[in-house]
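14 is the number of the first residue of the sequence shown in our numbering; add one for each residue after it.
Honestly, the hints are just simulated from the structure, not real lab data. For clarity, every value in this text was computed on a predicted model and none was experimentally measured. Glycine included, each C-beta is placed from N, C-alpha and C at the ideal position. There may be inaccurate statements among the hints.
[Said to hold, decoys possible] Restraint-style ranges between C-beta atoms, simulated for each label pair:
1. GLY478 - PRO398: 19 to 25 Å
2. HIS443 - GLN469: 19 to 25 Å
3. ASP441 - TRP274: 37 to 43 Å
4. LEU92 - VAL206: 56 to 62 Å
5. MET230 - ASP458: 41 to 47 Å
6. ASN195 - GLU359: 37 to 43 Å
7. LYS341 - ASP227: 32 to 38 Å
8. ASP373 - HIS443: 37 to 43 Å
9. VAL386 - HIS443: 38 to 44 Å
10. GLU475 - ALA454: 23 to 29 Å
11. ASP489 - LEU92: 38 to 44 Å
12. ARG494 - PRO398: 28 to 34 Å
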Amino acid sequence: MAITLITTVPGLHLQSPSLSIITSPTTLVHSWKSPQSPAFPDLSPTLPLPTPLSSAFQHRVSTKSASRVTPFPRIPPELFLDIISFLAVPDTPTITSIYDQSNLAEICNCSLVSRFWLYAARDHLWRHVRLGSGQRGNHFVELLQHYNLGHESTLPSFVPHVKHLFIRESRGGLSWDPKWLNAVLPTLADSLVNLHSLEAERITWEYLSSKSRDAFMKGFKGVRKLALRVCEFRTTLDMIRVIGEFEDVEVLALDGVRCKWDAIHADSEVFVSRADDRAIPKPPRKLRELAMRGECTRHVLKWMMAAMEDDGGRVTVEVLRLGALGVKSAPAVGKSLKMLGTSLKELHLGFDAAFIDDGDKIVSHIDLGYNNVLREMHVYGLIIPSLPPPDLLGLDPPPPPQLMPLTTLFDGVRAPLRALSLALYPADIHALSSMDFEGLAHVLDGKPWTTLEDVQVVVATEDDGRMGGIVNQKLDRLFERGVLRVDVGFDDREVILI
Numbered sequence: 014m015a016i017t018l019i020t021t022v023p024g025l026h027l028q029s030p031s032l033s034i035i036t037s038p039t040t041l042v043h044s045w046k047s048p049q050s051p052a053f054p055d056l057s058p059t060l061p062l063p064t065p066l067s068s069a070f071q072h073r074v075s076t077k078s079a080s081r082v083t084p085f086p087r088i089p090p091e092l093f094l095d096i097i098s099f100l101a102v103p104d105t106p107t108i109t110s111i112y113d114q115s116n117l118a119e120i121c122n123c124s125l126v127s128r129f130w131l132y133a134a135r136d137h138l139w140r141h142v143r144l145g146s147g148q149r150g151n152h153f154v155e156l157l158q159h160y161n162l163g164h165e166s167t168l169p170s171f172v173p174h175v176k177h178l179f180i181r182e183s184r185g186g187l188s189w190d191p192k193w194l195n196a197v198l199p200t201l202a203d204s205l206v207n208l209h210s211l212e213a214e215r216i217t218w219e220y221l222s223s224k225s226r227d228a229f230m231k232g233f234k235g236v237r238k239l240a241l242r243v244c245e246f247r248t249t250l251d252m253i254r255v256i257g258e259f260e261d262v263e264v265l266a267l268d269g270v271r272c273k274w275d276a277i278h279a280d281s282e283v284f285v286s287r288a289d290d291r292a293i294p295k296p297p298r299k300l301r302e303l304a305m306r307g308e309c310t311r312h313v314l315k316w317m318m319a320a321m322e323d324d325g326g327r328v329t330v331e332v333l334r335l336g337a338l339g340v341k342s343a344p345a346v347g348k349s350l351k352m353l354g355t356s357l358k359e360l361h362l363g364f365d366a367a368f369i370d371d372g373d374k375i376v377s378h379i380d381l382g383y384n385n386v387l388r389e390m391h392v393y394g395l396i397i398p399s400l401p402p403p404d405l406l407g408l409d410p411p412p413p414p415q416l417m418p419l420t421t422l423f424d425g426v427r428a429p430l431r432a433l434s435l436a437l438y439p440a441d442i443h444a445l446s447s448m449d450f451e452g453l454a455h456v457l458d459g460k461p462w463t464t465l466e467d468v469q470v471v472v473a474t475e476d477d478g479r480m481g482g483i484v485n486q487k488l489d490r491l492f493e494r495g496v497l498r499v500d501v502g503f504d505d506r507e508v509i510l511i
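Work out the full structure: start from the sequences and follow the hints.
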């Protein structure tokens, strides 16, 4: 059984179709009703239907189909939305699939059926917009300017449907080269007033004009999610002032943001009126999820700790995502985790490649005993190198198990965790076997871990058919409890994804 829609003449997509159910592959049934017919009430009162088709065309349709078509009840609007939603959601969603939908042509065809279908399809077509300095970005800005100038159109604007915006600055060889965002930021900020999230990439703040900076901070300040990726600021204070303007942000991601450090003294006189150029704004008051990777991590954490000390716990982050965690940022991370205390519900930690050597130093600064209401913990980037060849003469003692600092980190957990995941990157099967599974299994058998409902171990390497079995064997108690699942292959999780 199939549902078929047919558009046969120009302008027919502006009418309301009657859907017929086809039960035979050799029978094609399709009928049209006048918009004024009781069988097809206006689905969108705010979008009136255009003038009906000519009487001559209606007569041709009716004479050809009246003798063999039995009217069917109109399909409810909820099914229209389900059909379009089914097309819009990919079978295997990825990070970029929200911008490049595989069923884009089908969704566009749905928008040609009627005004109601147009409105429903636009909600998916325009929800995520990804712009750069290429032809697509320029055409999109021209379209916005067309609507802003008040040009008449038979269709309402698509602008209210844009909820998520991604903008990327052109690379540009020299600092004084014209920047694409300098020209388009005022138009984007003035037009896209219903944004829920904003993601900006490769922006050098110093290269933007004062008009573009003002448009970025004031035009987009109502967004709930803000992500800055591979952006650059002259000083940390410049970065903090930009972030501080987004007072309603609930989710903040800083990925690869570069800047210099300005000393911030944690005293009450620092956080004063925004009108003062010397003032340091406080973190967004609604911030609940924070994701960071790169050198700005310890700078932002120090800023937030100073604000928390200033007004006694203003920042209540519930989800913390930290990537490329190393020795330099470990002290600030440890202090922040202690200050967040019981507000933290979910923790994501991604370690850099030096964890195999510097793990003891990093873990020595982190005590998860203060986060006693933690519910989920996810660890990424655990590289396990190959072991040296064994000493055939037996003169050298055997090397200790690898990733013992990870066992120490888990041993400090006192919260009743429900979910735990690990991403392992072993060089080979012998490297995987050298991991401190014995100590890890002993810790996970402890009382704080009895509440575990899901333990995922991702072995991010080519499967030789044995690695998954090794993990199941080493963590046999979790396997027997039915909470352990092992995935061997590419780890598609992202620590900074928001």
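Inset, instruction - Using the Cβ atoms, figure out if GLY478 sits within 19 to 25 Å of PRO398. - result: For PRO398 against GLY478, whose Cβ atoms are near 22 Å apart, the range 19 to 25 Å holds.
Inset, instruction - May I ask you to test the hint 37 to 43 Å on the CB atoms belonging to ASN195 and GLU359? - result: holds, 38 Å
Legend entry - ASP441 paired with TRP274, Cβ distance criterion 37 to 43 Å: Holds - the Cβ-Cβ distance for ASP441 and TRP274, about 41 Å, lies within 37 to 43 Å.
Inset, instruction - Kindly confirm whether 38 to 44 Å is satisfied by the beta carbon distance between ASP489 and LEU92. - result: The hint (38 to 44 Å, Cβ to Cβ) is violated, given that ASP489 and LEU92 are roughly 49 Å apart.
Legend entry - Verdict for HIS443, GLN469 (Cβ pair) under range 19 to 25 Å: For HIS443 and GLN469 the Cβ distance comes to about 23 Å; the hint holds.
Inset, instruction - Confirm or reject the claim that VAL386 and HIS443 have a C-beta distance inside 38 to 44 Å. - result: holds, 39 Å
Inset, instruction - With respect to the beta-carbon atoms only, verify the hint that LEU92 and VAL206 lie 56 to 62 Å apart. - result: violated, 31 Å
Legend entry - Distance restraint evaluation - GLU475, ALA454, Cβ atoms, bounds 23 to 29 Å: holds, 25 Å
Legend entry - Outcome for the supplied range 32 to 38 Å, where the beta carbon pair is LYS341 and ASP227: holds, 34 Å
Legend entry - Cβ separation of MET230 and ASP458, checked against the hinted range 41 to 47 Å: violated, 52 Å
Legend entry - Outcome for the supplied range 28 to 34 Å, where the beta carbon pair is ARG494 and PRO398: Hint holds: Cβ distance 31 Å, inside 28 to 34 Å.
Inset, instruction - Given the hint of 37 to 43 Å, check if ASP373 and HIS443 actually sit that far apart at their C-beta atoms. - result: Violated, since ASP373 and HIS443 (Cβ atoms, about 23 Å apart) do not stay within the stated range.
Taken one by one, the earlier hints fail for this structure at numbers 4, 5, 8 and 11, listed in ascending order.
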